[in-house]
Amino acid sequence: MTSHGKPVGIALSGAHLAALLADRALTARLNAAGLPFAVAGIDRIDPAVPRSRDGAAGRTVESTVAAAALAARAPDLGWLAAAAVHRDHPYNLARRIASADHLSGGRSGLVLGLRMSFAPPGRAGREVWGGAGLTEGAPAGPETTRDAATAIRALWQSWPAESVVADREARVYAHGDQIRHIDHRGVFDIDGPLTVPATPQGSPVLAWRAGTTGEAAAARGVADILIWPAGQPDRLGAAVAAAAAGTAGPRLFLEVPAGGGDLAARLAGYLADERVAGVILRPAGAEQALREFLAIDLPGLTVSGLTAGGSAAPGSADPGRGTLRERLSLPAPEPLPATGRPAFPPPVPALT
Amino acid sequence: MPASRQGHVILGVNALVLGYLPAAWLWDPRLTARSPVDAGYWRHVGAVAERGTLDALFLADGPGLGDPSYDANAARLEPTVNWAALAAATERVGLIATASTTFNDPFELAERLLSLDYASGGRAGWNIVTTRHGQAAGNFGLAGLPERGDRYERAAEFTDLVLALWESAATGREVDHRGSHFTLRGRLRVPPSPQGHPVLIQAGGSAAGRRLAGTRAEGVFSAELTKAGAIEHYREVKGYAAAAGRSPAEVKILPGVLLSLGSTEEEARRRSDQLHELGPAAYSVQWLSGSLGIDASALSLDEPFPEDVLRQALDPAFAGGSIGFRQSIVGQIRQTRPTVREYLRQTRYTGSGHHGFTGTPEQFADHVEDWYRSGAIDGFNLQPDVLADGLEVIADEVVPLLRRRGLFRHEYETTTLRGHFAAASGRKAETV
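First to last, the protein sequences are chains A and B. To convert, note that position 156 of the first sequence is 155 in numbering that gives the first Met the number 0; the numbers rise steadily by one, no gaps. To convert, note that position 8 of the second sequence is 7 in numbering that gives the first Met the number 0; the numbers rise steadily by one, no gaps.
It should be emphasised that the hints constitute simulated quantities derived from the structure, not laboratory data. No residue lacks a Cβ here, since even glycine has one placed at the ideal position from N, Cα and C. One or more hints might be untrue.
Unchecked claim - To spell it out: a stretch of chain B is covered by chain A in this simulated footprint if at least three of its residues, at any positions, have a beta carbon under 8 Å from a beta carbon of chain A; those stretches are: (1) 23–33; (2) 69–82; (3) 105–112.
Said to hold, decoys possible - For each label pair, taking beta carbons as the anchor points, the in silico distance ranges come out as: (4) A:135 x B:341: 48 to 58 Å; (5) B:314 x A:124: 37 to 47 Å; (6) B:134 x A:243: 17 to 27 Å; (7) A:299 x B:141: 48 to 58 Å; (8) A:124 x B:234: 46 to 56 Å; (9) A:337 x B:175: 41 to 51 Å; (10) A:338 x B:132: 21 to 31 Å; (11) A:47 x B:90: 38 to 48 Å.
Please model the entire structure based on the sequences and the hints provided.
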């Protein structure tokens, strides 16, 4: 157990994902590092990542596919995929994250950003879903992301798990009438329901990586977690206020660069801040930075009691166990009112 | 048997979640309420497929929910994510994911599919579909599906753009695309996989679909009811390939076959009957409605099919269902002129849309050998009635019979899906 009781995870770049998928020994080292969770592809939604004209430089791997594969190979970590509804539709994204959550036994989540750094930007003002050529497209911004987050949360609850009864005698698999359309109308129009039932942890974790107080305010009421880059300590208070973080709003997790000799002292300082619910350490983007972080920096933090290390003491909370919500000390998702149109008629039990 | 062929058959398995019949969830005591979304279930499927040295697992898909009240197969994990998780638990079997050209952005899908290919060490395939189920449209802010002609035109542009983007990942050169559906300038930064990029599979049996297959696809998941029809379509697609300057061996023809196997023919039929009777009574009528794009419950069960219904089903401009399935169903009905009730009963054993096979593993091995040596197929996409035990019978009984006849591999000799396909023609190309 850590001395502070707050979760400390890791944020991985696209190049890190590429390396982990190609190198099982490296994935095994990450799995054994005692970290409760990882964010897959943080640079994919980071507007500060240096861009060439067609998007960010360097290598990447699509984050939901990478997270699903790595969740199978690194079963002691929870996995959040970083993505944006830019060239991805909320229905497709909700489906992929819920699928990953089922397959990982409730260890999955989503980190939303405004744009995909590695994708061509698209027509200004119509960049969101405009590239699919189906609708006009919407502007990328906090309101669009908030609308997507609202729809995604509703989709995750559109098929209640308890409606699946698999009653062999009555020959009824599920009570279709308990499944609801979401009939979401906003930037996106989405009828629902989702193609999978609610997941083992109720809903996947929904995080929002915000770079401005405007985004922090938009995350209020829709995100479980607000991820705030730690480089701007003077603005932390404003972000906390905007999101109502820690009270009615999301829990605040600081994203902290994972290099430098003073990392342990900085990390201890952040963890001592009562506004901060957790920290995400972000090594530099290159593959070598991840190798060095695992070999050098992380063991030092574990010795200092700042991270849990590979083998937790008997009887203590094990970072390698439990759903992602449990690892992040998040409550079950707030139930959404089941007032939508039933998706299907009630089943008629077989007469036997 | 006709003249011998070099190489061996290709065997894929179309999972259809728990199996192609809606009562599959009731059949096998090992199945639970969670099986459709359970990693353990899918790992078992992957392990049995690799025990049988099968070429590929295939997942059908559509981004919308059907009624799961009586049918657990309505619960559908997203295929690229499901196969990414299974890639981590398997070594050799190909993993073919269905994804729609109608409800995706080509850049995002190209990146995601290449990522699956990378994560699986070059075992990914993309089954290109345009999506024909109307319930998906409402999930994407559309009042209805785009018209069939538009969907296929879009599919062709989409596919070319995805191929160009995959190329950009290898060359580092930007794609500059200005088409009638998409405008895009950029490149992918996903590392290339050991097979270069995913294998392209085309599903569907329209004339436009067969042309698309001949010019671009490396595999065709087709719907055939008769061997004669299969031979005709086999030659047609191979002809399109040759006309496009490709080797006909570059496109593999893999019709679906609905399978009920038993240790005797009688046992297989009993199994099929029980599975049909366990399923919802309305299922076959619903299936017929969906396939022909009509309300089949309005038909008189003891009359033959009205001629206007059959004529409408053959009209390519008619929007309901899949034209390939419609042609195959009408062809079958015109052969024997059954009543609606007779048709629904006879299709239990012989299939409909896809052809069916009900019998012993030995009889099925004969069937595979006959169609293969007749030049009707390069292999089959097998659709067991219930996957849990059906796949075990394929791996442990059918595959050994085919091996003894020199029709299937004894061990995996190739590591990528494209390598598996090439090895079936006796070639050894591991990469493009």
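Do the hints match the structure? See the list:
1. For the segment 23–33 of chain B, the stated coverage by chain A is satisfied: 5 residues place a CB nearer than 8 Å to a CB of that chain, which reaches the threshold of 3.
2. Residues of the segment 69–82 of chain B lying with their CB closer than 8 Å to a CB of chain A number 11, which satisfies the three-residue condition for coverage.
3. With 5 residues having a Cβ less than 8 Å from any Cβ of chain A, the segment 105–112 of chain B passes the three-residue criterion, so the hint holds.
4. Range check, residue 135 (chain A) to residue 341 (chain B): Cβ separation about 51 Å, and the 48 to 58 Å hint holds.
5. Checked against the hint of 37 to 47 Å, the pair residue 314 (chain B) and residue 124 (chain A) passes, with Cβ atoms roughly 42 Å apart.
6. One distance hint, 17 to 27 Å for the beta-carbon pair residue 134 (chain B) and residue 243 (chain A), is violated here, with the actual separation near 38 Å.
7. A beta carbon spacing of about 54 Å between residue 299 (chain A) and residue 141 (chain B) agrees with the range 48 to 58 Å that was offered as a hint.
8. The supplied range of 46 to 56 Å is met by residue 124 (chain A) and residue 234 (chain B), whose beta-carbon atoms lie about 51 Å from each other.
9. A C-beta distance of roughly 49 Å is found between residue 337 (chain A) and residue 175 (chain B), which places it inside the suggested range of 41 to 51 Å.
10. One distance hint, 21 to 31 Å for the beta-carbon pair residue 338 (chain A) and residue 132 (chain B), holds here, with the actual separation near 26 Å.
11. A beta carbon spacing of about 39 Å between residue 47 (chain A) and residue 90 (chain B) agrees with the range 38 to 48 Å that was offered as a hint.
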